[in-house]
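J.: The residues making up each chain are set out below.
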Amino acid sequence: MEPVLSIRNLAISLPPGADRDYAVQNVEFDLNAGEILCVVGESGSGKSMTANALMGLLPDQVAVAQGSAIFEGRDLLALPDTERRKLRGDRIGMIFQEPMTALNPLMRIGDQITEVFEAHNRHTPTERREKALALIQEVGLPDPEKIIRAYPFQLSGGQRQRAMIAMALALDPAILIADEPTTALDVTTQAQILDLIKTIQQRHGMAVMFITHDFGVVAEIADRVIVMRYGDIVEQGSADDVLTTPQHAYTQALLAAIPTDSVPTPVPVTSAPVLEVRDLRKTFVTSGGMFKPKRSVTAIDGVSFTIARGEVLGIVGESGSGKSTVGRAIVRLVEADSGEVILDGQDMNSLTAAELRSARRRVQMIFQDPYASLNPRKKILHALSEGPIVQGVPKAQAYARARELLEIVELDAGAADRYPHEFSGGQRQRIGIARALAMDPDLIIADEAVSALDVSIQAQVLDLLRDLQKRLNLSLMFITHDMRVAAQLCDRVAVMQHGKLVEIGPVSEVFLTPKADYTRSLLAAVPGTDW
Amino acid sequence: MRNLVTASLLTVAMGLPAAAQDSGGRLDIVLQPEPPSLMLGMVQNAPTQLVAGDIFESLLRYDTDLNPQPSLAKSWEISEDALTYTFKLHEDVKWHDGEPFTSADVVFAVDKLLRETNPRLRVSLEHVESITAPDDHTVVFQLKNPFGPFIGVFEAGTMPILPKHIYEGTDYLNNPANNTPIGTGPYKFNEWEKGNYIHLVKNEDYYLDDQPYLDEVYYRIIPDAASRAVAFENGEVDVLPGGSVENWDVKRLVEMDGVCSTGKGWEYFAPHAMAWMNNREGPTADKNFRKAVMYAMDREFVRDVIWNGFGKVATSPVSSKTNFYTDDTIMYDHNAEKAEEMLAASGYDGEEVRILPLPYGETWQRWAEAMKQNLDEVGINSTVVATDVAGWNQKQSDWDFDIAFTYLYQYGDPALGVSRSYLSSNIEKGSPWNNVAGYVNEEVDAMFDEAAVAATPEARQELYTKIQQQLVDDVPVAWLLEIEFPTIYRCEVKDLVTTAIGVNDGLRDAWIEQ
Amino acid sequence: MMDFLKRFSRNRGAVIGALILITVILLAVFAPLIYPDSPWKMVQRPFLPPFSTEGFPLGTDTLGRDVAAGLVHGARVSLIVGLVSTLVALLIGVPLGAFAGFYGGLIDDGAMRFTEFFQTIPNFALAIVLVAILEPTLPTITLAIAIVSWPPVARLVRAEVLSLRKREFVDAARLAGLSNSRILFGHVLPNAMSPIIVMASLMVATAILLESSLSFLGLGDPNIMSWGYMIGAARTVIRSAWWLSFIPGVAILLTVLALNLIGEGLNDALNPRLARKGR
Amino acid sequence: MTLAAAIFGRAAKALITLLLIVILNFFLIHAAPGDPAMVMAGEAGAADEQFIQQLREQFGLDQPLYVQFWNYVSGVLQLDLGYSYRQQMPVLDLILDRLPATLLLTLTAFGMSLLLGVVFGMAAAARQGKWGDSAITSMALLFYATPLFWVALMAVVLFSVKLGWFPAFGYGTVGADLSGFEMVLDRLRHLFLPALTLGLFFMAVYLRMTRSSVLEVSQMDFVKTARSKGLTEGTIRRRHILRNALLPVVTLAGLQAGQLVGGAVLTETVFAWPGIGRLMFESLTARDYNTLLGVFLVSAAMVIAFNIITDIVYRLIDPRI
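Protein chains in written order, with this note's numbering: chain U, 1 to 531; chain L, 1 to 514; chain G, 1 to 279; chain E, 1 to 321.
What the hints contain is simulated information worked out from the structure, not anything from laboratory work. We put the CB at the ideal spot given by N, CA and C, even for glycine. Check each hint, because a few of them may be wrong.
[To be verified] Chain U side only, calculated, beta carbon under 10 Å to chain G, not exhaustive:
no.: 1; residue: R332
no.: 2; residue: S358
no.: 3; residue: Q364
no.: 4; residue: V526
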């Protein structure tokens, strides 16, 4: 097969002071006409840098050090800026990860599409509009006449990504570069967008360079795969080969780190419930002014469930399903409108502020963002001991316990005297776990605790959590959007949609014989389920 | 005894210069600050006088030696007993609205309106028995007793003649005509753009032939002193009345080509700069302390540096320009040793003395700073109190000061402008214009009372000499400078300052060389 | 700390600014040693131009006072007014903004209405009126400047606290059972310090400008030699002795400039995320 | 929410703010030492207690403070701002007389500083790190650090006295009887220096804000999107960066309205500009309570109007609100 794009010996240099000299080195691959090539790697592997280099969109201080990229007989990397500009949007299109920020918030969607034609001097204004409408139609957006006049903020995330695709498609490019285009989307939306990209690729016969960190997505969409690590290509081959018989150890490790779909055998819940939630409700009302209408969103709509001592309950759902709000309502970071949260027979919702302060110890949380969950100005020791000290534990004892806990979460006890910024994301998440344990809680709520981590790190933290849960007989409420993760860790799973609990039951039942339609569609949307 | 002084011939001789005057032209005069009103009968602010002095007229004007000159009155007689003043008025005078001017207007204006609204005239009118109009063009003032200074109160700012047909029977202060003054003067009010300018135009029906000479006059309101100087340099304005630019600029401006200046035109006012010293309490209650202050001050330095050489060191409560001045008094020179001696004699214990500067511009501020330094040098602790015009008035009225700068007009006669500051009967809280220092000396009180009504000038001179000797020894007040405010103008402007109140009523005779 | 110094010193402007400011501070501190006599003392002929007479490098003013002495003593006043009024403004603005941002709801509404109210009154006009009412002395001028300067602080702190209080480490502190005030003062405010410090450095500069503007209008403390006073006093002779207002004007300019440069340097050093590239 | 409703809402809130300002200032101003009667008597050069008392009665200052307060506030509620003691005319007339001058000055200074600030800010950002950037930012820093009144004095000396290009002060050539185009030209010549002086500082503020905002927006994803579409840098800057970068500048401009109006006090004094800023300073020294209160009220209303204008501009730029 004839390659549309051949990259040879590509190296991209980083500015002095970066953690390494080159973002990528010795990169060589071909992109063939009509294929989808997935470039996979964890953060910092250089996969996005490569794509940006091809587009000529590298940040100021980063430059191509050597190499060539032959496209339509010319070396992209050697072209003058004006020539490359003419290629962008015309022969090579690109879509990005964050549909929320990749569109100009102040411009109508229609204008953002038609300006592609304008930039390349194609068509008359009327024709441009016609073409834009057709493109909107093609990417499956409803009511093109309305969309063309809409501003980005009036569209959902999935719709915006479709609009982005419409822009990239406008001039029927030979190559589409997609940089993690579905990472920020919910799983069902992701499935639809993947579908759309595939359909369009086939219809237009484009070559697609698809950058992702998710092997599930790879399995879903890729014809060929390149695996990158620290700026090197470690493995490339057909999708089937790489996924089923990975050659390189790193690929093997990555694939092994992916939570499998093998559902654990259900452990029957026997012990008494540590937490009982009864008919919990919460509606957020944005306070209108004198002339502003009030807006209300029902986040929790009559949710009831229990968690037994030593049990792991997963709460899964898409963004906006209310799963995080349930977690925060239980610890009263959000005040519920009504309902009971009974912890060992005591209703948390009826406590006064003072009573609450001492009762809070009993439920702790592990947070999502490892960079925001630790106070950057306090040493780790402080983070781990402040809570116990406030609760009356003597200082010396709290400090000793803090160091001990650091070892429990497999960090060095010396870490106590360092500041958060000295740690990696995975290490910070371990500290977050230690902090929760420090309070000796009855229940730990982990809110998307591994979502922000790379796959391999994610696996390590999950291992740690599972291990601790077993060892310490922790009760855990595990909130996640990732069905695979939930399947791996939880005893029971609750599925939420629009603030309601649509299904709850042992993992095997929910995943293998789902009762609710919504659960089924969620499961169907998980990428790479067939593989 | 002065009898049958008829001055009309005299005026012709000295008022009119030899050369023929050119008619026409426009004059731009700086005005600062913006006057509250042009109704001279009710408001006597300096800027009001500057503008309204050419809209309204009084019976007399005064030359720069304070001799009376005809104005609305073409001649006058004072009876031998000095009790009857008879004025003959010009016959063809019209108000700006065309109504004829008669003696009834004079009687109404002085006896009714001004008696109510002008506190300064009110004091003099206490000596008046009656004001009558035997015919349309004669006015007779009958006095209760001889009052020497009386011939000096017929000046436009003190006794402007206002139209009876407009004011009679109205609420004077709120009469709508106050905004569009109607006078008999050489110029008519035309327009007042607030914050910007006041525009007067020539009175075509003026009773003197050919006069006035100018077509129009703009009084330009420019709030910043430096900008006023620039305006003069740029040729935007032609006349800087005394005090409208800072002294440092005066020196520079008068050295420019084609620029003339004169120190004349202030004789009637004879501004006397002085510092009240609180006679009631604090270190200044002690006479020796006050003398120490007098010796400590370097007033020549102040005149030479701060006033750029303009003015004269004041040696007495009476200005040397005012009648009845004497130099036969103790002289306080700048003498630190004597000051320290006096200070020791006063038993001064280092208490801090509060100096209240006059909030009328940088010159006065510098002066207060210089005084503070002078006092420091002889060992008097002092602090300058920050204040603005309102606060300054308030603090003086409430006697809340140790030393307070001020300057007062003398109005040509000690009985009009000097005695008010020293009479013990004139001690009253609430006004900054009486005996603010709180000086009490019954002997001086008696002599002042006697001098005001003494029949002959010689008798008055004798009394005033004694008064001055006594006061200079008591130093109730630190006399500083006889201030000179030079009027700066372009040399093409002729006959601008011919009277004792200068530009205030000088435009009648002023003309521009074409 | 070392990191901070390194980042700060990488900004050339900031280093220059710091050098200027240190010079000004040294002059201010050692003023009584350099010029033991009162700066008000009339020591020579008036209007000596700079560099014309030995012993009076910057010449003399309208009354023959040494300009150099005035400049050195004036540095103290400018710095004191700048620093103290900033401090007072922070004392008003930081708690107000912090409580508004942290507690939200009615407290926030009330505090913000109050702030808006002060921002609606033209600040310089308010300062003039306040000084006129209280009568100009060093403390009242400082207070007046503080009163018109705090609203931006309150807004800034509120915005910072609003975003910080949603951070997960604040949630964690809450779950640890910490009291609100301990969370606010122990966790939230320390993280808002960087922008506050940057803003404070700029406020000192603005306060110095305000003080000089007040003095220019004759609303200064007449017993204290300040740069604003020197310009105000010299403006009447600006045509014949321009250097008298020029020199203190340059002193103000340099000091304010230095503070601004330092502010930018602090901004770069304390908020590396927003640091300007290419330095 | 519609624009009209938003403006209406703002205006309603503004009324309450204005009333509070009236109340605060009433008591502030009356706390100042001295009163208008005293000042006016002082200006007359001579007065006795009777005269001053007479003035006080005329002005109603002999009444208890709460009565004066009630009279004033009830007057204000009926749009009667009282009578000026010093200028002897209704305050409202006085202010309406002076307001156009101030509006002309502040709006020109505002427009000029915003325009120049944005243009130069963009230019600096486009040359980031290069010589041109340093030159522009240094200039901005200089303007930012220079006292306003000092610039005013220097501008007069240079442009008016030395070069004679522009009149040093005033609102127009007095008595020139100009009309039509000539009058406009004359007014513009008089406007130039004051507007420049007042505008320079704010130009520097907007310049710095624009520059940093442009740099920040340039890093945003949608700019990368625009590049990936093949737009030229000029188009990207104009169409994508500028509009987004303007948002914080507009917000800042609204917040600084109070400073702008306050700065007019100084500028109007130096340039003899017959506006309400100068009126304010004059009536403060004269303790002309009603005028001072009226000016405060009107200038606060101006600040609110500026805020509403920037609000509208913001809404026009940003469809999200």
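J.: Each hint should be assessed against the structure and marked as holding or not.
T.: These are the hints, each one checked on the structure:
1. R332: holds (9 Å)
2. S358: holds (6 Å)
3. Q364: holds (6 Å)
4. V526: violated (27 Å)
Of the numbered hints listed earlier, the single one contradicted by the structure is hint 4.
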